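First to last, the protein sequences are chains Y and Z. Going by this note's numbering, the first sequence opens with residue 853, and the numbers climb by one from there. Going by this note's numbering, the second sequence opens with residue 28, and the numbers climb by one from there.
All clues given are correct.
The following residues of chain Z were derived to be distant from chain Y, with all beta-carbon distances above 12 Å: (1) 104; (2) 141; (3) 175; (4) 206; (5) 333; (6) 334; (7) 355; (8) 438; (9) 483; (10) 526; (11) 579; (12) 590.
Straight-line distance between alpha carbons at most 20 Å, and here's what the computed PhoX-like set of lysine-lysine pairs gives: (13) Y:1115 to Z:266; (14) Z:222 to Y:1136; (15) Y:1056 to Y:993; (16) Z:263 to Y:1116; (17) Z:414 to Z:479; (18) Z:263 to Y:1136; (19) Y:857 to Z:428; (20) Z:262 to Y:1136; (21) Z:266 to Y:1116; (22) Z:553 to Z:575; (23) Z:449 to Y:857; (24) Z:266 to Y:1136; (25) Z:431 to Z:479; (26) Z:263 to Y:1115.
If you anchor each label on the Cβ, the simulated ranges turn out as follows: (27) Y:890 to Z:330: 48 to 54 Å; (28) Z:187 to Y:1122: 39 to 45 Å; (29) Y:853 to Z:571: 54 to 60 Å.
These are computed hints drawn from the structure, not numbers from a lab. What you are looking at is a predicted structure, and each value in this text was computed from that prediction instead of being measured. From the three backbone atoms N, C-alpha and C, an ideal C-beta is built for every residue, glycine too.
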Amino acid sequence: MATVKDFRNEVRPNWCPGCGDFSVQAAIQRALANTGREPENVAIISGIGCSGRISGYIHSYGVHAIHGRALAVAQGVKLANRDLTVIAAGGDGDGFGIGLNHFMHAVRRNMDITYIVMDNQIYGLTKGQTSPTSAHGFKNKTTPEGNIEHALTPTQVALGAGISFLAQGFSTDINQLTRLIEEAINYKGFALVNVFSPCVTFNKVNTYDWYKQNIVNLDNDPDYDPTNRAAAMAKIVETNGLCTGLIFKEERVAYEDLIPGYKKEPLVHQDITLSRELFAECLKEFA
Amino acid sequence: MLDQLSWKVGGQQGEGIDSTGEIFATALNRHGYFVYGYRHFSSRIKGGHTNYKIRVSTKPRPANADNLDMLIAFDQETIDFNAHELRPGGVIIADEKFNPVAPEGMTVRFFTVPLTKFAEEAGSAIMKNMVALGASACVLGLQPETFESLISDMFLRKGQKVVDSNMAAIRKGFQFMKENGGEIAEFRLKPGDGKQRLFMMGNDAIGLGALAAGARIMPAYPITPASDVMEYLIKKFPKVGGHVIQTEDEIAAITMAIGANYAGVRALTATSGPGLSLMMEAIGLAGMTETPVVIIDTQRGGPSTGMPTKHEQSDMYAVLFGTHGEIPKIVLAPATAEECFYMTIDAFNYAEKYQTPVILITDLALSLAKQTVEPLDYDRITINRGKLATEEQLAAIEPGKLFKRYAFTEDNISPRVFPGQKGGIHHVTGVEHTEVGRPTEDAAIRTKMMNKRLNKVRGEFPNSVSYTGAENPDLLVIGVGSTIGVIDEALERLTAEGKSVAHAHVRVLSPFPTETLQKYVDRAKKVLVVENNATGQLKHLMQFFDIKGEFLSQLKYDGNPYLPSEIYAHCKELI
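Turn these sequences into a full structure, and let the hints guide you.
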């Protein structure tokens, strides 16, 4: 059985020292090992941006795709081979800016994919512009007078779109994060793990300390019920989206199990020859 | 006796015009005629004039006829809008119900027939189209039984009574015409050869081709005139365990298709102009990551939203030069529905052989017009998955090491592996990369990788250009896509008049068949490039791809396909 070591490779990430993404990478590697996955049965599909590089830093199959499209590529991979553990990963700009449409529809579709977003509330790789999750009033390169737009709250959007598995982590709390990713991987359906992963270079507001002071950890609330959608939404609103832990989970049949005629054996392993009989039957319609 | 004739039915959209045309065309196709059906429709669902023009011939004629022999009108607008196409002495069959008025100043045979009344007597007003078919049959010297097998196939599941009442409606129309001078000697159609052939549109042939090629996933976003491809496969894929997924947009469609191909399953998407534009960035990703993917582009009137239900051939620049940077691209351009089938299969084989995007480009007339197709040959279906890594190659890779997915090789094509295969782990990225897929900005590797990708596809593909006509013609006409039938027909008339003409039709736009076309161009005195766009794209491509010579241009971009007479007249002026 594979260990954490088997998911490591020789590449040194090009993240800044202290970047939150290091812990996210470690948590994914641990979670994969803990859930008994083998590197060759895992495909990590990432978008563009600092966090988008993550597919190259984990020893598994991986695609570093184009900006905002990781989820679309990931769904294609899953359709082709439903036995693969498919993880999509990227940042807040990638997933909730250019890729938001795909996110909403991935939620609606509910394929068995784990989506990990490294949310630092800023564009890092392009050197510090406002992101969809940057707060109202946030000052930086593209909003020198303060952001006049309001922030999108990923958990609220996800729950509003009808997601069936929703969790949020903080990169510093690697044990909780590992557990959340493990649960997301084991969940048979679309799962979002949004992770607060601070940008130490460009975001001087949402720092590690800022998150520590503002985050409400649901693990500390024994009365919190993650199976109640209305309560989950209330908690997100109450904490201004800054709650961590398992926020919501319900059982739902995954997309792959609802496709008419779809087989349990992955498509990639099936014979693609069209039988002479079926071909003849097809021609009849045009006679 | 006629070798060929053209027949049209018109009315309001939603009134069953399509089905009337379909029944007429299919029945005659079954009797061994060559049939070509072109629908005129607008971007709306109900209401508005629509018509279905059908050409029936004793030899292949995949083109609209210059004029019209018979017009079936379900409303006055149909007469007002279409009568000008009728030849002198042509026939109009109009429903008595709307008190039809004959076109002014035209010598036509005008029949007012109680279509709706007879239909009601036979059981339901909706059968007025059957009455019209019976009336048509009488004029053409066909028996009502011509329609019997088709009516039976269509309605038997609803019961023999439904079949009988439809046949009764057909006979009523037939009888009425017979009693009212509808048997017109000069309208007698020569019998068909009785051979069983198919009747299908390009989009159906593409769908069937994809199925036969082993495609099993199709993510797509609906768009006219491409949607029929997905609609066809939605019906078929469940039988083979495949799946059509209707995506949120075209970008999701192409990227999902890339994901599926990356994971080892043949996947395609189909779109038209605006959707193709949205896909461009992802097509670059497929080129850079060397992922096979098949994209169908059914051209329509552009630019922007343009004319969604109208014909054009103006995406050639886009498919060849779209996407930023430089990637290899294969572009196939079938000319007939039959070629749509076989070339879709080729598209999948090329995509996997060369590990590149393959765009199969059609135009609205080819996508949506239905035409007679010789029976498709199961034994011509071949599946070639390209260069795949062997188990031995993978077993030799040490644990923890990466597979050289982008290995430099003699033919510039590297073996592929699919996720899930032990030993095959590597990284795929749209960023410039090393042999194992690691990002790199090393100048030497960059240059080598660019060369590797761009040199995968070399030389001309077989059958890139077809040639018919005189060896050393006074005039060579070059075309692409659905214009094949009209050009052939125009040149046939000129040949019959003793003119020296020839026709070269381009089937592959990339790799561009420069050498072959140059050979044909060199033999001709004059060269005319005929295409449906405003800027002469094919002509410019010939110049871009270094074909030496002077090229004349005939262009049409009003939304309609050429008529044979238009090309004939233009050519005649040139020789």
